[in-house]
Amino acid sequence: MADVQSNTLAAHVSSLLPQDATQAERIELLLGRCAQRDERALQELYQLVSGQLLGILMRILRRRAVAEEALQDVMVKVWERADQYVAYRGRAMAWISAIARYRAIDLLRRQQAVAPLDEAPAEALVDIEAADFVDTTTSSRLRKALNDCFSRLTAEQRRCLELAYVDGYSQDQIASEIATPLGTVKSWIRRGLASLKRCLDS
Amino acid sequence: MNYQRPQLLDELAAQYVLGTLRGPARRRFERYCKHNATALHAVRRWEDRLVDLVTTAVPVAPSALVWDRIKFRIRRDRALRPKRTLAALGNWRVALAAGVAAIAIAVGVWTGFGPRSMQPVATVWDQQMKEMWSIEAPRDRSALRVLAGDDLGLDPARAYELWAMPGEGAAPVSLGLMPQAGRGTMQLNDAQRLALSRSRQLAISLEPWGGSPTGAPTGRVLYVADVAAPG
Chain E
1 MADVQSNTLA AHVSSLLPQD ATQAERIELL LGRCAQRDER ALQELYQLVS GQLLGILMRI
61 LRRRAVAEEA LQDVMVKVWE RADQYVAYRG RAMAWISAIA RYRAIDLLRR QQAVAPLDEA
121 PAEALVDIEA ADFVDTTTSS RLRKALNDCF SRLTAEQRRC LELAYVDGYS QDQIASEIAT
181 PLGTVKSWIR RGLASLKRCL DS
Chain R
1 MNYQRPQLLD ELAAQYVLGT LRGPARRRFE RYCKHNATAL HAVRRWEDRL VDLVTTAVPV
61 APSALVWDRI KFRIRRDRAL RPKRTLAALG NWRVALAAGV AAIAIAVGVW TGFGPRSMQP
121 VATVWDQQMK EMWSIEAPRD RSALRVLAGD DLGLDPARAY ELWAMPGEGA APVSLGLMPQ
181 AGRGTMQLND AQRLALSRSR QLAISLEPWG GSPTGAPTGR VLYVADVAAP G
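Protein sequences, first through last, are from chains E and R.
So for the first sequence, our numbering puts the first residue at 1; every next one is plus one.
So for the second sequence, our numbering puts the first residue at 1; every next one is plus one.
Just so you know, these hints were derived from the structure itself, not from any lab.
Backbone N, C-alpha and C fix where the C-beta goes; we use that ideal spot for every residue, glycine too.
Just so you know, not all the hints are guaranteed correct.
[Unchecked claim] Okay, derived cross-link-like pairs now, SDA-like style, lysine to any residue, Cα gap no bigger than 25 Å in a straight line:
#1 R:130 - R:140
#2 E:197 - R:45
#3 R:71 - E:40
#4 E:144 - R:48
[To be verified] Derived contacts from chain R toward chain E, CB cut-off under 7 Å, selection only:
#5 20
#6 48
#7 51
#8 53
#9 66
#10 67
#11 73
[To be verified] Quick look at which bits of chain R chain E covers, simulated, 3 or more residues with Cβ under 8 Å:
#12 57 to 65
#13 150 to 158
Go ahead and model the full structure; you've got the sequences and the hints to work with.
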């Protein structure tokens with residue numbers, strides 16, 4: 001059922017856009033139409049990005065019901081702010097993912113402890129289109145640069161940055177997760193960020 | 001926290017984007033970014049640097065109800081208010097749930113302000129960059145709405161009086177007394193509006209209970225804030 005829906009939608013989207021448009025360009029065009037209050041564009045955008053966004057939200061919020069509620073908030077906000085996207089031109093996914101992550105972090109304030117995941121990500125229903133989308137939303141050059149620079153960090157720095165960024169852990173939670181003093185965790189994070197910046201900006 | 005040091009600002013931006021800046025410090029930095037292009041730029045640079053890390057999150061298909069709820073919410077919002085009301089609030093980064101928007105509209109009507117017309121006038125910070133008050137006004141600036149920050153630690157036996165500073169040798173003009181908690185409204189007369197329109201800065205002085213007895217500041221000036229250009 002999901003496959004039929006997404007295939008139909010993919011066909012519909014491609015009928016509206018140039019054949020060679022990248023996923024990032026598609027998202028940008030759809031955002032432009034959202035700014036014009038085109039509800040259909042929001043629906044198409046939702047079909048393109050919702051799987052990826054829910055993946056991000058689930059990792060941080062752990063519970064599907066909370067993450068789906070957050071996904072609603074994110075899409076409503078994207079709709080309301082589509083006309084402000086101009087400041088982010090060329091970085092559609094950075095913009096939308098930032099909205100999602102900040103919303104998740106805001107919601108984390110209300111749920112103190114790290115809850116167990118509702119469902120293991122590996123067992124989660126994977127949206128094939130969303131998985132493809134991951135590979136096409138950002139330029140491979142940038143992604144490769146991040147991978148290269150990330151791999152140069154120490155294993156501890158990588159682990160801390162991932163727990164913070166992908167799983168939404170606070171520094172306290174990271175310290176407890178990896179059984180390391182908080183001061184050490186803070187220093188790993190600070191140095192990891194500084195090294196990443198140096199490497200990516202060089 | 002001293003946001004003036006570029007390196008510290010960049011570290012805060014990094015920790016903000018990473019998500020490890022939490023609690024009041026996070027909210028304070030968020031508010032600071034609203035008024036500071038350098039901070040906002042630093043945040044965007046970090047968003048760019050880190051965005052691809054989220055690709056390690058496995059995509060998850062949402063249940064069908066989610067889209068229905070989104071559709072319902074945007075249609076309800078459109079029916080509730082004119083186009084782009086929320087964008088006009090300019091409150092970047094605040095994921096404003098529709099329910100909150102509805103409450104804001106109700107409060108706005110009740111106090112005589114439509115949220116659509118409210119614009120920031122100034123934000124008052126203390127020396128540690130703690131946000132003390134945010135001041136907004138309708139487009140015609142016929143009144144000011146002032147929202148006090150949390151736990152300001154003010155002296156309840158004294159008054160904190162807001163002054164327009166028209167400059168060029170003109171005397172400060174009192175606009176009203178700042179609320180020590182919660183929110184307050186100052187209705188402005190023509191003279192006050194004129195003084196405000198000519199002011200590039202506002203000042204807050206420490207006064208006896210009830211405000212300055214002379215019509216001019218009598219105590220020391222505690223805070224000075226820049227006035228935003230009318231939108």
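Hints broken by the structure, by number, lowest first? As far as the earlier hints go, 1 and 13 are violated by this structure, in ascending order.
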